[in-house]
Amino acid sequence: MPKPVITLTTDLGTDDHYVGVMKGIIWGINYDVHIVDLCHEINPFDIVEAAFKLECSYRYFPLQSVHVVVVDPGVGSPRRPILACGENHYFFAPDNGVLSWVMASDNVQRVYAIDATHYFLPKISNTFHGRDIFAPSAAHFLKIYDPTSFGDEITDYKRFKIPVAQVVNDRQIIGKIVSIDRFGNCITNIFEDDLNKMVEMFGKEKLVLTVNTTVIKGLSSYYAEKQTKEPLMIIGNAGYLEIAMNKAHASRELQLRKNLDITLSVL
Amino acid sequence: MPKPVITLTTDLGTDDHYVGVMKGIIWGINYDVHIVDLCHEINPFDIVEAAFKLECSYRYFPLQSVHVVVVDPGVGSPRRPILACGENHYFFAPDNGVLSWVMASDNVQRVYAIDATHYFLPKISNTFHGRDIFAPSAAHFLKIYDPTSFGDEITDYKRFKIPVAQVVNDRQIIGKIVSIDRFGNCITNIFEDDLNKMVEMFGKEKLVLTVNTTVIKGLSSYYAEKQTKEPLMIIGNAGYLEIAMNKAHASRELQLRKNLDITLSVL
Amino acid sequence: MPKPVITLTTDLGTDDHYVGVMKGIIWGINYDVHIVDLCHEINPFDIVEAAFKLECSYRYFPLQSVHVVVVDPGVGSPRRPILACGENHYFFAPDNGVLSWVMASDNVQRVYAIDATHYFLPKISNTFHGRDIFAPSAAHFLKIYDPTSFGDEITDYKRFKIPVAQVVNDRQIIGKIVSIDRFGNCITNIFEDDLNKMVEMFGKEKLVLTVNTTVIKGLSSYYAEKQTKEPLMIIGNAGYLEIAMNKAHASRELQLRKNLDITLSVL
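Top to bottom, those sequences are chains C, P and H. Using the numbering used here, read the first sequence as starting at 1 and increasing by one per residue. Using the numbering used here, read the second sequence as starting at 1 and increasing by one per residue. Using the numbering used here, read the third sequence as starting at 1 and increasing by one per residue.
To be clear, the hints were calculated from the coordinates, so they are not data collected in a lab. There's no promise every hint is true.
One copy or two, either will do: identical chains are not told apart, so a pair holds if it fits within one copy or between any two.
[What the hints assert, rightly or not] Computed cross-link-like contacts, DSSO-like style, restricted to lysine-lysine with a CA-CA straight-line distance of at most 27 angstroms:
(1) Lys143 <-> Lys3
(2) Lys247 <-> Lys176
(3) Lys247 <-> Lys258
(4) Lys247 <-> Lys161
(5) Lys247 <-> Lys158
(6) Lys206 <-> Lys158
(7) Lys206 <-> Lys247
(8) Lys206 <-> Lys176
(9) Lys3 <-> Lys226
(10) Lys229 <-> Lys176
(11) Lys123 <-> Lys3
(12) Lys258 <-> Lys229
(13) Lys229 <-> Lys158
(14) Lys247 <-> Lys143
(15) Lys217 <-> Lys161
(16) Lys258 <-> Lys3
Here the structure is a predicted model, which is why all the values come from computation and not from measurement.
Looking at chain C on its own, in the form it has when it is part of the complex:
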C-alpha cells in the first residue's frame, strides 16, 4: 500500500516565509511524511481557482493522502476549520466552499468541524491558521487517521455551486473558461465524457468551438499538430476541453479570460 503525503494548496505565494513555516510545524510533529507544494500561487482569496486546481490534482496522490488548503479570506473570523473525509483522500480547509469540487468527485460523506485545540499550536494567531491550526492538525491526523478525535461531525458546511457545462442536446454544449494556466491554455468545464459522445456521433473534425469572436474547427490530438499561434481545441490533462495554441499563449493572443462563455457545437 502506498504511503500518504501531505499536499499544500495556498494563496500564500513564495515571496514570504509562510509556507516554509508550515512545513517546519508539520515535520516537527510528524517527521516521516513527504510534503508536496501543490500550488501557492492561487490568486489571493480566489476560492474557486483553488477548488478547481485541487479537483484536477488530488487523485494523482497516494491513497489516504491529506490535502491542506489555505485560501482563507475569513481567517480569524467565526468561520470554522473543517476536515472532509472522502473515499480515498482527506481534506483540511476553512469552511468557505473551497472543497466544493472534491466533495463531489471523491464522494465525501463525512465532514468534521475541527476544534480539538490540543492538536493546534499553543498560541493561535488571528491571521495565519495555516500555521497554527491546519498544519499541525494535518500532521497529527496522519498518525492516527481518526477524524472523530478532531471535532464533531457537521452537515451545514458551505458548498458553492460547481459551474457544470450544460449539455443542450446531442449537438451543443455550453460551458465556460474556468482556469488559465501558465502556458495560456484556457481550461473549460466541458468534460471529456460529454465531449466524447459528440465525437463518436459526428467525428472530431465536425466539432466547432466558439468563444468571443474566435471560432475553432476540429478537435486536435496534440499541440504540435497545428501551426504556431493557430488556435486549437484539445482535451487537456485533467480531462477538460482546453483552448490552446501551439507554442503560444492562447489566453493572451485571443484575449480570453476566466468565466467567458463558450459554445461547442457540430458543423
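With chain C's structure known, arrange chains P and H on it following the hints.
Quick look at chains P and H alone, frame taken from chain C:
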C-alpha cells in the same frame, strides 16, 4: 525528541538552478534530513529583509534545526562564513549582519568562523558559497553537532542595530514598517508585548495609528471584521502590529513602503 | 555510497499544480526517494536554456541520480520519450535535443526509446507526459536501474550543436552569452580551462572583454572587488566566464541579451 531540518533562506530566486544544486549537495552528504525552502525571494542583497524573515520563522522549526542563510553580496571577498549557535537552533551565514535579529532572540552565545575546508566542496568558486561552503557544512554539521570542528570561536562578528520601536510613554509608541508581505500587509516593528500594555490600559478601540496621511482607529481582531479596502491594524502572525486591508493590498492602496515611520497613540 | 535523488527541470512554472502532481505520482510509486526542483521557470519551450541549466547542475547531485526534464513542445506528437544513461547519472526527457549538453559531458553511451507502457500511468494524456510517462518511469527506474526494461536502445536520437566558444588563437576567444540569471549575471560559453590558459600566459589584468559597446578590462576575483554598477568579468560558479556587476543587474544596466557575441582578447 523532534528530528531537525535544514532551512534555506536566500536571495537566489527560483528562476535558476542554484537552490536545487544546494539540495543535491546536502542530500549527497546527509540523506536523512528534510530541507525546507524558507524563502528564496529575498530582494537581492537585502540583508535586513532576510534577517527579519528569519526572526519571524526559525522558532517554528524543530529544536536543533539548522538554518542556512545565503544573502551574500560579499561572496568571494574576505568576509567570513560563520556558524552561530543559539539556545535551540543553529545558523550558517556569511558574516554580514544577517543574523543580527536571531542572535538576540535565540540567545546566541557562541559564534565560529568556519574554515574547516574538509567539509567544503573540493573546489570553491568565488561566486557561490551557498553551494560550495554553506550547504556541505550544514549537511555535515547535522551529523556531528560539534561546532568547534568547523572553526575557531570569534567575538568580532558583524551585527547591525535592530530597528526597535520606541516606547515614548504609556500613550505613544513610534515604530516603522520593516516588511511588506505578498498580501500587501505592512509589518511594523511594534511588538505585541508593548501593544498589549496600551490595550490593557486604554482598550482596543482607543488606539490610533498614523502613517503618512492615513489614520486608523481601533485594533482589529481579524481581517474580515472590516469592509473590503478599509484600512485596519491587527496583530500579525509573528506578533508584530500590521497595517492591512480586508481582501485588498494595503501597501499598494495606501502607498506604504518599507522604512516609513508610524506612530501609535491613544485617542 | 550516496543515495540518489530525482531532479525535475521543467517549463511548467509554479502557478499551476502540474509539478506537484508529478511528485504525487513519484512518491506513490517510490516513497523512499528525495525529489529536487532543479528549475521550473525555464521559458516555455526553451530547450537550449533547459539543456544549459542541466549541464551546470547535474554533477552536484549524488551518483546514480535520475534527472527528469520536461520541456516538451512536441508533447503528444510522435516524438519519443528517451532515457539516456551517462557514466554517473540518468536522464529522462523527450527526444528533442534537450540532453545535448549533458550527453557530451557525462559521456552518455546508451540511449533508450521508452515504450514500456506498464511503467506509465494507465491513461496517457496528449498534453502532459511529465505526469503520465516521465514521472512514473523515473520512479520505477530508481527501483530497478535496468534501462533495457524501459525500451529498445536507439542511436538516432536528436542532438543540437552545442554553442562552443571558438579559441581563435592564444590571444583571442570568441564566444557568446548563453544564459542570464536572476541577478543579471550574463553567463557566456567561454570555459575556465581556455580562460586560464590566457591568464597564465598574460595575466588577469591583461584580459579584455568586448560585448556591444561595453569593454571590460581585467578578470575579477569576486563581485565586491568592484564599485557598485561597475561592469566586471568573473569566472562564474559553473566555470563559465560571466559578465556581472557588483550589487547590480548587469544584463539590464548594459542591455545584454542571450546570444550576443562577445570577444575576449589580450591588451
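Comparing the hints with the structure gives:
In this assembly of identical chains, the alpha carbons of Lys143 and Lys3 lie at most 27 angstroms apart whether taken from the same copy (12 angstroms) or from different copies (16 angstroms). When the C-alpha separation of Lys247 and Lys176 is checked against a cutoff of 27 angstroms, the pair qualifies both within a copy, at 23 angstroms, and between copies, at 26 angstroms. Both within a single protomer and between protomers do Lys247 and Lys258 lie at most 27 angstroms apart by alpha-carbon distance, with minima of 21 angstroms and 20 angstroms respectively. Taking the shortest alpha-carbon separations for Lys247 and Lys161, only the inter-copy value of 22 angstroms comes in at or below 27 angstroms, while the best intra-copy value is 34 angstroms.
Taking the shortest Cα distances, Lys247 and Lys158 sit within 27 angstroms of each other only across copies (20 angstroms), while inside one copy they are farther apart (40 angstroms). Taking the shortest alpha-carbon separations for Lys206 and Lys158, neither the intra-copy value of 41 angstroms nor the inter-copy value of 36 angstroms comes in at or below 27 angstroms. In this assembly of identical chains, Lys206 and Lys247 lie within 27 angstroms of each other by CA distance solely inside one copy; the values are 24 angstroms within and 45 angstroms between copies. In this assembly of identical chains, the alpha carbons of Lys206 and Lys176 lie at most 27 angstroms apart only when taken from the same copy (20 angstroms versus 49 angstroms across copies).
Taking the closest pair of Cα atoms, Lys3 and Lys226 never come within 27 angstroms of each other, the shortest separation being 41 angstroms inside a single copy and 43 angstroms across copies. For the identical chains of this complex, Lys229 and Lys176 are intra-copy neighbours only, at 22 angstroms inside a copy versus 30 angstroms across copies, given an alpha-carbon limit of 27 angstroms. In this assembly of identical chains, Lys123 and Lys3 lie within 27 angstroms of each other by CA distance solely across copies; the values are 22 angstroms between and 31 angstroms within a copy. Taking CA atoms no more than 27 angstroms apart as the test, Lys258 paired with Lys229 passes in both settings, with 20 angstroms inside one copy and 23 angstroms between copies.
In this homomeric assembly, Lys229 and Lys158 come within 27 angstroms of each other (Cα to Cα) only across copies, at 25 angstroms, whereas the closest approach inside a single copy is 42 angstroms. In the homo-oligomer, the alpha carbons of Lys247 and Lys143 never lie at most 27 angstroms apart, since the shortest distance is 45 angstroms inside one protomer and 35 angstroms across protomers. Taking identical chains as interchangeable, the C-alpha atoms of Lys217 and Lys161 are never at most 27 angstroms apart, the minima being 31 angstroms within one chain and 38 angstroms between chains. In this assembly of identical chains, Lys258 and Lys3 lie within 27 angstroms of each other by CA distance neither inside one copy nor across copies; the values are 36 angstroms within and 44 angstroms between.
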